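Q: Residue-level listing of the chains:
4 protein chains.
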Amino acid sequence: MQHGQVKPAPETARDPRAHLLARYRTVRERTEALAKHLTPEDMLLQAMPDASPTRWHLAHTSWFFEEFVLQRFEGSFAPYDPHYAYLFNSYYNSVGEQWPRDRRGLLSRPSAADVFAYRAAIDERVEGLLSDLSEGGFAEAAEIITLGLHHEEQHQELLCTDIKAAFALNPLAPAAFAMPEALEEEPEDQGPAANDRWVSFEGGIHAIGHEGEDFAFDNETKRHKVYLDDFSLHGTPVTNGQFLAFIEDGGYRAASLWLAEGWDWRAREAVVHPVYWRKVDGAWFEFTLHGLIPLRPDRILSHVSAYEAFAFAEWAGARLPREAEVEVALSKSDPAAGQFLDPAGFVHPHLVGRDNGLGSAFGTVWDWTQSAYSAYPGFRPAAGAIGEYNGKFMSSQLVLKGGSCATPPGHIRATYRNFFPPDARWQFTGIRLARDV
Amino acid sequence: MQHGQVKPAPETARDPRAHLLARYRTVRERTEALAKHLTPEDMLLQAMPDASPTRWHLAHTSWFFEEFVLQRFEGSFAPYDPHYAYLFNSYYNSVGEQWPRDRRGLLSRPSAADVFAYRAAIDERVEGLLSDLSEGGFAEAAEIITLGLHHEEQHQELLCTDIKAAFALNPLAPAAFAMPEALEEEPEDQGPAANDRWVSFEGGIHAIGHEGEDFAFDNETKRHKVYLDDFSLHGTPVTNGQFLAFIEDGGYRAASLWLAEGWDWRAREAVVHPVYWRKVDGAWFEFTLHGLIPLRPDRILSHVSAYEAFAFAEWAGARLPREAEVEVALSKSDPAAGQFLDPAGFVHPHLVGRDNGLGSAFGTVWDWTQSAYSAYPGFRPAAGAIGEYNGKFMSSQLVLKGGSCATPPGHIRATYRNFFPPDARWQFTGIRLARDV
Amino acid sequence: MQHGQVKPAPETARDPRAHLLARYRTVRERTEALAKHLTPEDMLLQAMPDASPTRWHLAHTSWFFEEFVLQRFEGSFAPYDPHYAYLFNSYYNSVGEQWPRDRRGLLSRPSAADVFAYRAAIDERVEGLLSDLSEGGFAEAAEIITLGLHHEEQHQELLCTDIKAAFALNPLAPAAFAMPEALEEEPEDQGPAANDRWVSFEGGIHAIGHEGEDFAFDNETKRHKVYLDDFSLHGTPVTNGQFLAFIEDGGYRAASLWLAEGWDWRAREAVVHPVYWRKVDGAWFEFTLHGLIPLRPDRILSHVSAYEAFAFAEWAGARLPREAEVEVALSKSDPAAGQFLDPAGFVHPHLVGRDNGLGSAFGTVWDWTQSAYSAYPGFRPAAGAIGEYNGKFMSSQLVLKGGSCATPPGHIRATYRNFFPPDARWQFTGIRLARDV
Amino acid sequence: MQHGQVKPAPETARDPRAHLLARYRTVRERTEALAKHLTPEDMLLQAMPDASPTRWHLAHTSWFFEEFVLQRFEGSFAPYDPHYAYLFNSYYNSVGEQWPRDRRGLLSRPSAADVFAYRAAIDERVEGLLSDLSEGGFAEAAEIITLGLHHEEQHQELLCTDIKAAFALNPLAPAAFAMPEALEEEPEDQGPAANDRWVSFEGGIHAIGHEGEDFAFDNETKRHKVYLDDFSLHGTPVTNGQFLAFIEDGGYRAASLWLAEGWDWRAREAVVHPVYWRKVDGAWFEFTLHGLIPLRPDRILSHVSAYEAFAFAEWAGARLPREAEVEVALSKSDPAAGQFLDPAGFVHPHLVGRDNGLGSAFGTVWDWTQSAYSAYPGFRPAAGAIGEYNGKFMSSQLVLKGGSCATPPGHIRATYRNFFPPDARWQFTGIRLARDV
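Chains as they are written, first to last, in the UniProt record's numbering: chain D, 1 to 437; chain P, 1 to 437; chain Y, 1 to 437; chain A, 1 to 437.
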């Protein structure tokens with residue numbers, strides 16, 4: 001998931017400075033809340049090249065403000081530490097060289113404490129700017145700060161999935177978050193949700209993509225027309241119980257269900273169940289951000305690759321939806337009704353809901369689509385480093401829609417385009433079935 | 001490039017049996033004509049896992065008829081050799097195990113002579129069937145034989161590009177084909193074609209994909225509507241001279257022009273020019289199927305990856321076309337006007353044409369599109385082994401359109417969907433620029 | 001470097017229990033002293049599969065006492081934590097499965113604090129045993145405890161070289177140890193030691209290997225005869241200045257100086273100077289456990305592979321010594337005179353000594369020999385897990401002799417056989433030239 | 001196995017020119033006899049980077065004479081083909097660049113016919129030299145020609161083992177040689193030879209290595225003293241039947257029997273039996289140069305790695321011999337009594353002999369020793385390209401002694417040092433047990 005250029009976001013009310021300051025603090029504090037139960041050592045873990053240490057997320061999101069806001073708007077800018085631009089730049093080639101991504105876990109210095117001090121110093125300087133800037137300067141800076149906050153929200157989700165990937169490798173199965181008490185009041189297992197309700201949508205010309213003044217990333221533009229045939233989507237994402245039936249029916253051993261590339265991936269990686277499932281003494285468990293818990297068939301399935309999603313859909317006699325189909329459905333749904341990131345709550349898919357009316361298509365798990373992530377008609381990345389890029393990742397990735405239980409609340413919208421390669425499993429990715437009508 | 005299920009193809013005239021027999025012989029003979037200048041040893045070469053030995057193409061295309069025609073329609077079928085199903089099956093899992101693809105070059109036995117004998121025996125049996133079958137049997141068999149011939153035509157192109165890839169590794173630069181004399185009459189170098197004419201197309205709802213009785217592969221169906229904005233395509237594919245300007249302008253060193261994945265590929269593979277270009281004593285040459293020849297700026301560029309195509313388009317201030325855009329253009333063009341495979345001719349892009357009116361958008365080089373290869377609405381692969389598949393390759397590949405100088409004449413059509421991964425360079429792949437209007 | 005079975009070591013004096021307790025405390029405290037300046041995060045770093053995190057060394061050395069002493073001698077043994085045998089076993093197959101070696105750096109739990117608590121608990125229990133055991137029990141336990149202490153001393157050296165390898169990857173060049181003040185009093189650079197004095201040794205039958213009651217590892221036995229021709233060794237190890245001359249003379253580019261395997265290694269790893277040398281603005285620096293310091297030509301060279309050692313020797317018109325040759329020389333040298341590990345001192349080769357009489361052949365750097373590490377005549381590994389092994393590593397490694405500035409004082413002897421593969425560079429390995437007389 | 005510098009070899013009798021000519025023809029003809037049953041395509045096969053195509057052996061051995069004899073002694077030397085020095089040089093860096101070793105199988109041109117023509121032309125020129133050279137010139141040339149013939153004999157063995165490795169990958173199990181009729185007269189299976197006789201040797205100072213006027217490679221010099229303890233060797237090499245007992249006793253699953261490196265190798269390569277053993281319908285077969293034949297327990301075991309040899313010896317309560325021990329034994333044995341290469345005979349270990357007195361320690365299979373291949377005291381490689389080298393391979397390889405059924409007759413002697421890495425299995429390598437007395 002990457003970020004990019006921005007349409008200005010006047011999420012402001014009466015006092016735009018106060019409003020932005022409040023939002024700035026909310027976002028920045030949430031990031032730190034996510035690390036509350038982690039030790040300095042936990043924050044150094046890097047499970048694989050694609051995942052970053054907690055500490056790196058903490059620092060990189062601050063470097064973004066230093067590089068793109070402070071450097072431009074502070075009267076007498078001096079870097080906090082001359083090494084940080086090298087250490088905490090992610091992939092902005094036009095800004096300079098970057099510390100190799102697969103070695104982020106080898107940087108015990110700067111220490112976790114150093115990184116928190118860095119965050120505090122940047123916060124102080126950004127907050128200072130917010131009150132000191134002229135009217136015009138503020139308007140310009142506000143745009144980039146808003147982008148920076150959305151950028152940081154994206155990293156909040158990655159921080160969760162990256163530490164989960166690291167803890168999953170530890171035989172002690174550590175928990176990144178405390179288990180919320182409320183969970184103990186969950187009803188008895190309801191079994192897999194019945195595959196009982198499809199919601200139909202009418203074809204024809206639809207418009208998708210972003211336009212208007214609200215914030216959106218550059219890859220959501222420009223809004224354009226697409227032609228769709230009639231289609232229907234299943235009312236709920238696939239559950240653990242449904243996926244278990246696929247496994248028990250030999251789904252992982254039936255070549256005819258799989259994409260050729262997925263079939264090879266499965267063999268090469270010896271995949272025989274979702275990545276965080278564990279069988280202990282004959283019973284299934286799930287490794288979660290709250291540690292190892294019994295697998296409930298009535299919870300929504302998460303952490304599958306697009307290959308597994310494709311094979312499951314074949315097995316179920318359905319197909320994965322197209323990007324535009326999900327966007328059409330999401331545009332009729334209420335983003336606030338979904339399950340989103342709460343550092344004090346359950347950061348794992350809840351029980352499947354029962355309404356099946358697509359009333360809450362947002363949240364819980366990202367829906368894999370069959371659509372390759374590519375440029376919308378008329379898309380042009382923004383100029384300069386900030387325009388690096390959503391565009392440059394437009395190859396060999398698929399679009400995901402809707403947000404997950406690790407997506408910060410308020411961060412998502414129908415036009416939002418997340419993207420990952422088809423073999424990625426460490427995000428909260430799930431399956432929403434579609435079919436032709 | 002893969003093949004698949006078929007819409008029946010009554011390309012027949014008055015006498016369908018005679019007609020099919022004639023076509024059968026034409027195709028089968030052309031395959032052998034392609035190997036005319038190769039030694040038994042040349043026919044064993046395998047340059048890389050994705051490329052197959054000539055001998056394997058000769059045998060596999062015969063095995064296709066044995067497996068899918070003879071086995072089904074011969075009264076008392078017996079396999080020619082019980083090992084061949086294992087050795088010459090490509091990827092039909094439902095038919096059985098396959099000899100590992102990356103080891104096809106290690107099979108010196110069966111010998112080249114054995115393989116030609118196998119071809120002759122299969123031909124005799126297929127031709128026997130054509131006269132012996134009942135009316136109904138013939139109609140059924142004709143469908144599959146027609147598919148088998150289109151399948152063999154696809155392998156004709158691969159035979160050319162695979163032996164080229166192998167000979168390219170030999171410092172002696174062997175020629176797979178004799179150089180036609182006519183070529184010596186070519187005019188003096190005209191320099192790169194002026195980038196002077198764009199052809200505009202009107203947007204709105206278009207229909208793409210195949211319908212009707214003529215032959216087409218399953219992945220071309222079903223015909224469906226798409227919405228396109230107005231767009232234009234350049235009148236000619238990019239020339240060597242234009243690409244040379246890109247190189248000289250530092251195109252391979254400018255990160256901002258490249259997809260992130262392409263930028264990494266370029267570094268990992270140390271790519272600094274098209275794969276068959278060679279610099280000898282300061283002058284550029286091209287390795288071709290006719291050996292090493294001086295690079296002419298006025299020839300059409302071939303053998304670039306989609307990454308190079310994307311970067312070139314960025315540099316040129318344009319973009320790669322979408323699949324549907326090229327299909328719309330092709331549907332207004334004459335397939336017969338292009339440059340196609342002639343075993344006795346020049347199997348390399350000719351000089352760029354001068355009309356620039358997209359009158360001959362077919363042939364010469366395949367146009368990379370920016371469109372991922374995926375299922376058309378309503379697409380369902382055929383049942384059985386023959387339905388393996390165009391469908392199972394629908395991930396991580398891009399669509400190419402229009403055919404090349406190694407595509408057999410008559411094999412192409414506007415709806416034809418070729419597909420390769422973005423890093424593939426050993427096909428006759430070129431660049432057709434597009435832009436929004 | 002591995003450990004193994006032991007000849008009983010009655011290093012005891014009047015009161016063997018008090019003696020062993022004192023030695024136990026000295027060794028255990030030194031290990032912790034080595035980690036004094038490291039943060040919990042530093043202690044998690046793993047630079048490569050062959051190097052372990054500090055924390056792992058701290059825990060593994062304690063596990064050794066738990067597994068081989070407490071479990072056997074405690075009346076009512078219960079494991080400190082049931083996971084630890086899995087997490088902190090190094091390679092004792094007969095004791096059970098092991099956490100994969102290349103993933104030791106992914107275990108942020110148990111935390112550094114947990115590990116120190118583990119050490120304290122084990123210490124308390126071992127010390128309890130020392131006073132509680134019967135006479136006979138003590139004698140038996142003392143043997144294994146003595147082995148455990150030598151084992152821990154080996155890990156002290158590895159702890160130093162492993163954290164050095166990790167810090168070397170950090171662009172901030174952190175220091176693992178404080179720089180001792182005394183160093184500032186070093187004389188001005190004396191230039192490379194003149195290559196001026198060779199010490200001759202007489203050939204004939206010599207005895208090498210260990211016998212007697214003092215402690216030794218099993219691979220040092222049995223003492224046996226070897227026949228040597230006359231030979232001579234250079235009076236001092238090679239200096240930085242001498243190696244610089246090799247570099248400046250094109251040593252890394254002259255194939256004829258290298259073993260074929262070394263020549264390929266050099267190309268594959270892009271080696272053009274010793275691994276911890278850095279060129280900054282035209283001047284040479286060395287990365288040390290005390291951070292980055294200017295390279296002094298009069299210091300003794302360290303951290304070269306056996307390939308570099310072999311090439312240098314060729315260039316110098318000499319050869320690497322044989323194992324037995326160095327042992328003969330060491331047997332005439334005073335082990336106490338060398339430079340050994342002092343957590344408060346300079347853990348890097350001092351200036352080259354000037355006597356050149358091989359009076360202090362011990363310490364400073366390990367001497368690569370040309371001898372493969374293999375079994376002495378009559379060698380048999382001890383029975384049981386503790387006998388795993390020096391023996392099982394007897395392939396594809398070379399013997400090193402004499403100890404280094406990271407070897408604990410008192411740990412070395414003439415018969416000591418250290419061993420590493422020829423490409424290893426992260427130990428304090430140097431070059432002692434030899435020649436035939 | 002590599003070759004190198006030579007002690008001059010006046011194997012000559014009355015007429016040295018006639019003698020050398022006869023030997024030249026014998027060796028050169030035997031090489032071609034080995035390829036008699038191979039097709040041009042077979043001769044192109046390269047099973048792995050370490051193995052070369054037959055055709056390359058045919059050409060390389062000729063290039064050796066062109067490069068080191070013709071170029072030096074012909075009055076007006078002109079290269080046969082200017083590309084050949086690049087294509088057919090193996091690893092002589094000082095002579096020039098080399099075609100990459102792992103791509104020898106991709107050179108279908110020059111063709112097999114070209115290569116035989118090259119051989120004929122070189123033969124004509126060398127034979128011309130032999131009669132034309134002056135007395136002094138002849139003496140000098142004879143030395144190098146003699147080396148070239150020994151070099152070619154080494155490649156005869158490799159030609160056999162390399163084509164065997166290639167044919168082993170073909171499911172058709174082709175035969176490189178005709179099966180000799182005599183074999184059908186073999187007695188009924190005698191079961192594994194009883195492990196019944198050890199031959200003792202007295203320790204003390206022995207001399208090993210070559211001296212004198214006969215031909216030897218440079219790595220066999222200089223002759224020097226070694227001290228050995230008393231030892232004994234088993235009277236016969238290990239048989240298939242004995243190794244089968246090791247397998248059935250779980251030898252491949254018992255970590256304690258293996259070197260650590262071997263244990264990992266076994267797991268990584270999934271080794272559970274000797275490389276050319278095949279289990280078909282419950283019965284064991286061996287793939288041989290004569291095709292697939294039933295495994296006889298009373299045949300001598302071949303094609304095991306040093307890791308397997310080491311584990312077997314551990315299991316058998318014995319050990320592998322040291323290089324010097326085998327040389328001492330060989331020096332008392334008759335080289336002519338062994339089984340050596342006969343292109344018209346059985347190129348596979350015969351039945352085990354029954355005398356058990358080490359009368360024929362030569363031939364049949366190479367004995368792995370536990371000794372690393374390293375320089376003898378006083379060894380110096382010869383100057384110039386020909387001195388490239390035995391010396392440069394003196395790392396990470398083990399010495400093998402005695403020759404095999406693929407070693408040309410007359411090519412072996414007690415001092416001969418063959419060497420391969422411990423994981424090599426494609427040579428005719430076997431096990432000779434040793435033990436301390």
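Because the hints were derived from the structure by calculation, they are not lab data.
Note that the structure is predicted; figures quoted are calculated from it, not measured.
From the three backbone atoms N, C-alpha and C, an ideal C-beta is built for every residue, glycine too.
Among the hints, a few may not be true.
Said to hold, decoys possible - Computed spacing ranges between beta-carbons, pair by pair:
(1) D:G282 x Y:A121: 31 to 37 Å
(2) Y:A254 x A:P409: 48 to 54 Å
(3) A:H37 x P:P82: 21 to 27 Å
(4) A:H273 x D:G282: 57 to 63 Å
(5) Y:R103 x P:R223: 52 to 58 Å
(6) D:G282 x Y:G378: 49 to 55 Å
(7) A:D249 x Y:D249: 29 to 35 Å
(8) P:S94 x Y:A254: 57 to 63 Å
Q: If a hint holds in the structure, say so; if it does not, say that too.
A: Evaluated hints:
1. For D:G282 and Y:A121, the hinted distance range of 31 to 37 Å is satisfied, since their beta carbons lie about 35 Å from each other.
2. For Y:A254 and A:P409, the hinted distance range of 48 to 54 Å is not satisfied, since their beta carbons lie about 40 Å from each other.
3. At about 24 Å, the beta-carbon gap between A:H37 and P:P82 stays in the expected band of 21 to 27 Å.
4. Taking 57 to 63 Å as the suggested C-beta distance range, the pair A:H273 and D:G282 does not conform, at roughly 34 Å.
5. At about 53 Å, the CB distance of Y:R103 to P:R223 agrees with the hint of 52 to 58 Å.
6. About 51 Å separates the C-beta atoms of D:G282 and Y:G378, a value consistent with the hinted range of 49 to 55 Å.
7. Checked against the given bound of 29 to 35 Å, the beta carbons of A:D249 and Y:D249, roughly 57 Å apart, lie outside it.
8. The hinted window of 57 to 63 Å between P:S94 and Y:A254 holds, with their beta carbons roughly 59 Å apart.
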